[in-house]
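Sequence lines, in order, name chains Z, W, U and G.
Each residue of the first sequence is one higher than the one before, starting from 1 at the first, in the numbering used here.
Each residue of the second sequence is one higher than the one before, starting from 98 at the first, in the numbering used here.
Each residue of the third sequence is one higher than the one before, starting from 195 at the first, in the numbering used here.
Each residue of the fourth sequence is one higher than the one before, starting from 674 at the first, in the numbering used here.
Incorrect hints may appear among the rest.
[As the list claims (entries may be wrong)] Derived lysine-lysine pairs resembling BS3-like cross-links, with alpha carbons at most 27 Å apart:
| no. | chain 1 | residue 1 | chain 2 | residue 2 |
| --- | --- | --- | --- | --- |
| 1 | U | K243 | G | K722 |
| 2 | Z | K93 | U | K500 |
| 3 | U | K490 | U | K578 |
| 4 | Z | K89 | U | K624 |
| 5 | Z | K89 | U | K500 |
| 6 | W | K190 | G | K977 |
| 7 | W | K186 | G | K979 |
| 8 | G | K1057 | G | K977 |
| 9 | G | K1140 | G | K1150 |
| 10 | G | K1150 | W | K190 |
| 11 | G | K1057 | W | K186 |
| 12 | W | K190 | G | K979 |
| 13 | G | K1103 | W | K186 |
| 14 | W | K186 | G | K729 |
| 15 | W | K186 | G | K1150 |
| 16 | Z | K92 | U | K578 |
| 17 | U | K243 | Z | K92 |
| 18 | G | K979 | G | K729 |
| 19 | Z | K93 | U | K671 |
| 20 | G | K979 | W | K189 |
It should be emphasised that the hints constitute simulated quantities derived from the structure, not laboratory data.
Owing to the predicted nature of the structure, the values given are computational and were not obtained by experimental measurement.
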Amino acid sequence: MSTTLASNLFVFILAAFLGYEVVRRVSPQLHTPLMALTNAISAISVVGALTLAGAGYGHILLITLGAIALACAMVNVVGGFMITDRMLKMFKKRKEK
Amino acid sequence: MSTTLASNLFVFILAAFLGYEVVRRVSPQLHTPLMALTNAISAISVVGALTLAGAGYGHILLITLGAIALACAMVNVVGGFMITDRMLKMFKKRKEK
Amino acid sequence: MVPASFPALTGLVATLVPHAAPLPWYVTVIYMAAAVSFVFSLKWLNSHKTARRGVKMGEIGMAAAILATVFLPEVRHYNWIIIAGIIGSGIGILLAVLTPMTAVPQQTALSHAFGALAAALVGTAEYYSQYSHLTPMHTGAIAFESLLGYLTFTGSLIAAGKLQEVLPTRPISYPFQNPINLSVLALAVACGIWMIVSPAHALLYPLFMVLSLLFGVLLIIPIGGGDMPTVIALLNSYAGLSAAAMGFVVNNKLLIIGGALEGSSGFILSMIMCKAMNRSFLNVLFGQAKIEKAAKADDVYGGKIKTVTAEEIADILDGARRVVIVPGYGLAVAQAQHATGELFETLTARGVDVEFAIHPVAGRMPGHMNVLLAEADIPYDHLKEMDQINEQFDDVDVVIVNGANDVVNPDARDNANSPIAGMPILNVDKARTVVVIKRSLSPGFAGIPNPLFARDNCLMFFSDGKKATLDIIQALKKT
Amino acid sequence: MVPASFPALTGLVATLVPHAAPLPWYVTVIYMAAAVSFVFSLKWLNSHKTARRGVKMGEIGMAAAILATVFLPEVRHYNWIIIAGIIGSGIGILLAVLTPMTAVPQQTALSHAFGALAAALVGTAEYYSQYSHLTPMHTGAIAFESLLGYLTFTGSLIAAGKLQEVLPTRPISYPFQNPINLSVLALAVACGIWMIVSPAHALLYPLFMVLSLLFGVLLIIPIGGGDMPTVIALLNSYAGLSAAAMGFVVNNKLLIIGGALEGSSGFILSMIMCKAMNRSFLNVLFGQAKIEKAAKADDVYGGKIKTVTAEEIADILDGARRVVIVPGYGLAVAQAQHATGELFETLTARGVDVEFAIHPVAGRMPGHMNVLLAEADIPYDHLKEMDQINEQFDDVDVVIVNGANDVVNPDARDNANSPIAGMPILNVDKARTVVVIKRSLSPGFAGIPNPLFARDNCLMFFSDGKKATLDIIQALKKT
Ligand SMILES: NC(=O)c1ccc[n+]([C@@H]2O[C@H](COP(=O)([O-])OP(=O)(O)OC[C@H]3O[C@@H](n4cnc5c(N)ncnc54)[C@H](OP(=O)(O)O)[C@@H]3O)[C@@H](O)[C@H]2O)c1
Ligand SMILES: NC(=O)c1ccc[n+]([C@@H]2O[C@H](COP(=O)([O-])OP(=O)(O)OC[C@H]3O[C@@H](n4cnc5c(N)ncnc54)[C@H](OP(=O)(O)O)[C@@H]3O)[C@@H](O)[C@H]2O)c1
């Protein structure tokens, strides 16, 4: 196994466990915002699309693929965080009267 | 930063967070066994001592250092798990009479 | 190694290897900080008090990681980045601002489609830019990324279509469904393995891509609308895994972490959903729609159904101290959340103690009911989980069930022969009086009659969920 | 680059680079599995039911990792491995089997010393085998490993000595203590940095080593016996970090994970200890021993102390329905756990409801009281945490405080000027009757009088913790 693959696997395993431990304590009340938030976070794949779309060399087809991927990922980066916050803003405690 | 150092740091950060999330839920009743168990687990450093003591080439001084390190780590490998189990065995529920 | 069949592409082989160069150290540090910020972002979602801070934290980490990447030396041309960035952000803003809360499930499914498509396209580009010097390991990672990405893309589109009711919500089935679906998957996997063995074969990747897209469709169409909560959670997990796979392909640990976090989150949510329906994953994915006849409906209901009017309900509520409202799938369909919020205010103003009992699978996605009720300004400390409130129904004067059915079916608890036996339910039948709002006696998702409706303490109000609620408020104002 | 001052070692330079060769893939897989097993091992310690399974899991992972390493191609000579393995395992078995439960704190401190020494020695060997071609990064990791390893080694030995009372338990202080200690640390760090700049300088490493060893001693001797719970937890964390640092040096991710797990576990435990004493880390480590006089002891106690005999206690217990026993540091010192177990049995046999209220810092290390009481066969569901029982003392007939003092001092709660103000305490003063077993009116660790002893509902039984308990059992048998 290449060292790179090995260390990536270690990172994946640890992150998956960590995600499990952290997420299982999120209250069911917030499961919908949770999905939106994780969706925004995994849109970090925008970083991969960026290097592709910005490489500027190579075939136009590849750059187009990169640009479409970038646009798709940006939808989630921007939309994901915004809608999470929009939902969370709605959760209010009883206001004292 | 070398790629190796970077991936080691990623692993360290994730493992530290994971440890935090997992350990903070251990009941105070088991804090003493917890210390013994983590001590046994971190004695995985025996693996580093093994390659040193078993290399067989190089200076006798280095091999001696490796052998002492190996012995020290083995104390914790064997002693740590055993005493953890010994303590855990003592915790019993009320026996039905 | 470079075959003649890729004439247009041969020129770029070996030019696009962005991840082969090590990153500048400060970019690595920023990526680490971003990973930590993502972990805190999720941690802080644990509690209402810190949740919005968590979103901020995630945004900061994301912004830092994007900026660091944009200024990498190998990123040289910004035209496409700016154009795609603006288009993507624009769509994102529109979706985030315009989506009504009742449509959040569809919107979520769409986001999974976008995320998965991004991963799939990057996988495709990686494959075509490097096919002549791919290691088996690298091809394997690309194949994994593409398979997951394309199948999640089409699967999520189908799910979004079903949720939006553009596509039929009932399960679509045909003979030999499972064998056919699994064959398509097996073919795709075989293609992937072949690609690993000989990466430069011209037709393999397109075929692989088509099979993955097809499998995504086939996987989701047999699943009924009622199982969408589980399916959305599962697609959430897949979308995360495809992002993580992209991390393996471009060798970026931050992507792996971000993807893994979503992957396990979606996995947990689908586990919770399955448990709350007392079903297994495999059963949700491959269980054929049951064709059992709900023949005994007449036996169960015959002559035992008592209906009420809004005025009678108002009278009953007038004497109540403690009321619990059980929202269900029908409340979302009827868009009755704001009316329900008004009912909550009206009753509270009259000194009644009003709470909401929320079953984990009520609604169309995990947690959906909570978001809807929060939208209607109902304070979240009045939203109770099943386990919190289930012991307390003895002590409740009136339960109002609005558009829920299976999740309050006592057969699940009492009748071991029921198709939903063992599914945890809300014990509303223990309350003094139960008022059920639904349009007819037609069954819920499970397709079985509900003996609750025939109980002595149960009164039916046949009406649309929103109209019924408004009528009750009207009637209450007159008493 | 290779200086003449290391004549004996020049021959081996560049021979010992075990981690430069990539591991066989199956070893990597085994290491991953071992990492996963360690995580499960800790996870399963969450609950009594799964805890022992967790130990098994950890053992399996450890055994697999060791076997995989032993059969690595670069491990060629087994003589030393066998000898050192046998000696180490032998000592380990002896320590695990023979250590009495009252001595677990010392044993734990000793284990930290062993673990840290192993890390430090490997760091030393790495340095000397590679000093001529070390990168700054690598030297930095070795320096970090050695510093942490050696300081934890001596620090843990001092802590073990204090706990075993071979060394004086009271804080040892001298003028300019903190400036001197910090200078030693600064010197060591300076040496480390110099080493990174010119790794081959002959005298640097030995000097660095001596300074690290010295700093470990200086760090722990000023800390009093009462602060040992925090200090042990901190040394636990350091021992883990030094193992993790070894992982960076030999580039082994399994070591990094194992070390990081212990590192954060120790960190959490020391946080819990500090919080339970309402103090900060820095205050524990660098706070000078307060020389305030507990001058007001006479004011507090004068004429208000009521003593009782074992027979009188037996009479009081005879009428009690609910009894809570509060064990403290003195119970461990008196080795009174088995006598306490017998008292528990005697009272339970008479139909009394007996529970134990355990303060987080009671005893000499985190959780120590629980282990002692479990050893005495007291079922763990009768061991209550502070938060579980603190609201219930109103409802308790008799509290027996055995060898505890500061953790039941109501001044911490009620008197904002008390030196221990704000420290969370057990509210034993709310019980109907409190019986305190200790040998005299002398203060506990904080050195302040305890107004509890002067309360109307408090009775003092001046005696050794074990003898007192046995006397009460005797008296009970006679009533
Ligand atoms: N997979 C399973 O085995 C299973 C089993 C149970 C539940 N579930 C999940 O649980 C979810 C919800 O359970 P549930 O009890 O909330 O729903 P349910 O059992 O599907 O019942 C929903 C009820 O809402 C009523 N309804 C629909 N539109 C309405 C409207 N406009 N106004 C008023 N009522 C309306 C329907 O009755 P009318 O047509 O008479 O109005 C229906 O009986 C489902 O979406 C599904 O995901 C799954
Ligand atoms: N750092 C801080 O500020 C701080 C403050 C409070 C507590 N703590 C921690 O809390 C721990 C325990 O608190 P604690 O309330 O359990 O202990 P404590 O406050 O230190 O008091 C222990 C008591 O045990 C008694 N004792 C000693 N040997 C005995 C024997 N053989 N038989 C009967 N009694 C005996 C002593 O009184 P006699 O000598 O009269 O017998 C002493 O008052 C300490 O070890 C310390 O770690 C720290």
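List of violated hint numbers, smallest to largest:
Violated: hints 1, 2, 3, 4, 5, 6, 7, 8, 12, 13, 15, 18, 20.
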